[in-house]
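A.B. asks: Residues per chain are reported as follows:
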Amino acid sequence: MTADPTALGIPEDAMRRLAEMRPGQATSLFTSDLSVNEFLLVREAGFRPLGLVLGSSVYHVGFQFGRWSSNQELTTLSQAMYHARELAMTRMETEADQLGADGIVGVRLDIEFKEFGSDLAEFIAVGTAVSADEPQTPDGQPWRNNQGQPFTSDLSGQDFWTLIQAGYAPLGMVMGTCVYHVAHQRFWQAMGNIGQNVELPQFTEALYDARELAMSRMQAEAERLAAEGIVGVQLLSMGHRWGGHTTEFFAIGTAVRPLRADHVIAKPQLVLPLTDR
Amino acid sequence: MADWDGRGLPPVAAERMARFARSGLRTSLLTVPGAAGVQTVGLDPVGEVMGCIVEHIGWSGFGGCGYVSGITGPGGIGLGGFSGFGLGGPTVTSSGSRGFVGFGPYVDALFHGYGTALRRMMEEAAAMEADGVVGVQLSVSHLGNNNREFVASGTAVRARSQYRPGRVFTTDLAGQDVAKLLQAGWVPCAVVYGISVAVRHDDWATQRQASWGAGNTEVSGYTELVWHVRADARHSFQQRVRAAGAEGAIVSSMGLHVSEIEPSEGHRDHVAEASVFGTALVRFHRDSTAPTRSLTILPVR
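Residue numbers (our numbering), protein chains in the order written: chain A, 5 to 281; chain B, 177 to 477.
Wrong hints could be hidden among the right ones.
Stated by the list, open to error - These stretches of chain B come out as covered by chain A in the derived footprint (C-beta under 8 Å, 3 or more residues):
1. 215-226
2. 449-460
Stated by the list, open to error - Think about it this way: if two alpha-carbon atoms lie no more than 20 Å apart in a straight line, the pair counts; the simulated SDA-like pairs of lysine to any residue are:
3. Lys118/A x Glu299/B
4. Lys118/A x His433/B
5. Lys118/A x Ala381/B
6. Lys118/A x Glu438/B
7. Lys118/A x Arg384/B
8. Lys271/A x Ser396/B
9. Lys271/A x Gly389/B
10. Lys118/A x Glu400/B
11. Lys271/A x Pro475/B
12. Lys118/A x His87/A
13. Lys118/A x His443/B
14. Lys118/A x Thr393/B
15. Lys118/A x Glu436/B
16. Lys118/A x Thr216/B
17. Lys118/A x Trp388/B
18. Lys118/A x Gly66/A
19. Lys118/A x Gly391/B
20. Lys118/A x Met430/B
21. Lys118/A x Gly243/A
22. Lys118/A x Gly431/B
23. Lys118/A x Asn392/B
24. Lys118/A x Leu474/B
25. Lys271/A x Ala49/A
26. Lys118/A x Ala49/A
27. Lys271/A x Met193/B
28. Lys118/A x Pro475/B
Read the hints as simulated data drawn from the structure, not as lab findings. Glycine is no exception: its CB is placed at the ideal position from the N, C-alpha and C atoms.
I would like the entire structure built from these sequences, with the hints used as guidance.
C.D. replies: Given below as structure tokens:
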């Protein structure tokens with residue numbers, strides 16, 4: 005941003021606008037959960053924020069014991085995590101749909117275990133609904149995905165801008181989850197390992213299995229959206245409140261499709277920042 | 177010391193303003209990038225400004241249909257009665273037609289606290305002949321005995337312009353962010369917030385869904401409670417953005433806190449408090465698209 009501010013009428017025009025404001029006058033109004041950087045970049049990418057959208061579900065997560073000595077998925081818990089997230093996401097999408105949005109950017113999907121109940125968690129999805137300045141993508145298709153829903157993306161505004169610049173469009177957030185019980189070592193096995201540096205194949209295998217399940221479920225969701233790929237994938241393992249041997253493996257990312265054949269962005273200039281961070 | 181009637185600025189603050197006018201000393205709460213940022217868009221830092229109020233919140237409203245069982249605890253919530261029982265809907269929000277039941281006076285007290293702190297801060301800014309306050313920070317501290325202190329502080333700036341805004345603008349955005357917005361054709365106009373408190377009677381279905389043996393199930397009662405209270409806070413936020421005459425708002429924080437109350441022996445209800453804080457914006461460029469330009473820069477570090 006190197007343009008001359010006075011040529012842009014700064015701050016003269018800005019102050020005049022403030023002086024002319026008539027509180028209470030009817031204006032088209034938006035709210036957004038984006039930071040200033042994100043807000044400006046989303047605008048520049050050709051999208052207009054419509055409003056903050058939110059979906060939430062307070063969920064009672066059921067109970068399931070893993071067998072002490074076996075590696076296994078705890079399907080009841082996996083289902084709970086899926087179902088509750090689904091509820092939160094769908095409600096957020098419904099809000100966006102009502103605003104006539106083409107998509108939702110900057111989505112955050114959080115889980116908060118509540119103090120007032122032992123197995124209660126609030127699943128919440130928050131994002132900013134946007135509508136595109138151009139009703140169709142450059143290749144003549146709608147911005148909404150093949151399910152007729154607004155696209156969703158958990159990318160930051162900066163990443164979203166870069167993605168659009170590079171000729172990709174987000175389709176939807178895709179996720180896969182697997183709650184897995186990792187077996188305890190048997191007594192003699194544990195005794196046998198004392199004082200030795202060895203791999204614990206049973207543990208390695210369990211973590212592999214669980215991640216593989218989570219990732220393949222995420223991939224299946226992306227295939228359903230006819231995506232070319234998934235960007236910004238995070239692979240998280242969260243213990244929540246289930247004790248050391250039960251963990252949720254959670255994969256989440258944004259499924260994308262190409263808008264054009266070449267994916268070139270402007271060559272970046274290198275700068276040397278004077279700040280430490 | 178003369179007694180102060182609560183109007184205008186407290187005597188010490190008025191005295192500080194007078195001293196400020198005499199000495200010409202400039203103070204600022206901005207970071208170095210923040211100060212450099214606002215100066216690139218023709219806003220010069222004038223001085224650091226502050227407004228505060230200590231408020232006693234001794235009356236939060238009836239917690240239920242006609243039962244008054246106490247006053248608020250330190251958390252502000254300690255009221256009873258069968259909340260929402262037989263009131264046409266199980267969740268009662270503070271802004272509804274039955275706000276008196278649903279903690280309406282408590283929410284009004286919060287609005288009054290934030291509003292007064294901000295207004296006093298703006299009065300100081302006006303006394304410094306500033307046009308706006310950037311980097312506003314709002315904080316609340318509990319002083320015990322249901323007393324709370326609301327503090328607003330920020331850095332007053334004056335525009336190099338022949339026009340003066342009708343009202344001092346305020347924003348909780350940092351100096352750099354204000355600069356970027358102005359460059360892109362948007363100007364912040366006011367710090368806006370929406371607050372709501374809702375209470376819900378734990379009915380039989382809710383108790384069943386939340387019990388140990390319920391298995392996987394959504395607890396629809398609690399979902400409804402958090403849904404209503406957030407919707408209400410967002411609605412009041414939007415109303416205030418609209419009332420300010422703004423065209424949009426950037427949300428800086430959203431909070432939710434749920435707590436339990438025990439209105440009668442062995443029975444629990446839930447109270448949720450939601451808040452949304454942000455800055456309202458107006459656009460000052462006449463063309464339909466704001467002139468933003470971003471450079472693709474890769475920091476070397």
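A.B. asks: Under the criterion that the straight-line Cα-Cα distance not exceed 20 Å, is the pair Lys118/A, Gly431/B satisfied?
C.D. replies: holds, 14 Å
A.B. asks: Given the hint that Lys118/A pairs with Glu299/B, test it: the Cα-Cα distance must not exceed 20 Å.
C.D. replies: The hint is violated at about 41 Å.
A.B. asks: Below or equal to 20 Å on CA atoms is what counts here, so check Lys271/A against Gly389/B.
C.D. replies: violated, 59 Å
A.B. asks: Does the structure keep Lys118/A and Pro475/B at a Cα separation of 20 Å or less?
C.D. replies: Outside the cut-off at roughly 41 Å; violated.
A.B. asks: Next pair to validate is Lys118/A with Gly66/A; report whether the Cα-Cα distance is within 20 Å.
C.D. replies: Cα-Cα ~15 Å, so holds.
A.B. asks: For the pair we were handed, Lys118/A and Glu438/B, check the Cα-Cα distance against 20 Å.
C.D. replies: holds, 17 Å
A.B. asks: Hinted pair, alpha-carbon criterion (20 Å max): Lys271/A, Ala49/A. Please report holds or violated.
C.D. replies: This hinted pair holds, its Cα atoms lying about 17 Å apart.
A.B. asks: At a Cβ distance under 8 Å, does chain A reach at least three residues of the region 215-226 of chain B?
C.D. replies: holds (count 4)
A.B. asks: Quickly compare the C-alpha distance for Lys271/A and Ser396/B to 20 Å and report which way the hint goes.
C.D. replies: violated, 51 Å
A.B. asks: Taking 20 Å as the top limit, are the C-alpha atoms of Lys118/A and Met430/B close enough?
C.D. replies: holds, 17 Å
A.B. asks: Between Lys118/A and Glu400/B, is the straight-line Cα distance small enough, at 20 Å or below?
C.D. replies: Roughly 15 Å separates the two Cα atoms, so the pair holds.
A.B. asks: Lys118/A and Ala49/A were given as a pair; does the straight-line alpha-carbon distance stay at or below 20 Å?
C.D. replies: violated, 38 Å
Hints 3, 8, 9, 16, 24, 26, 27 and 28 from the list above are not met by this structure, while the remaining hints are.
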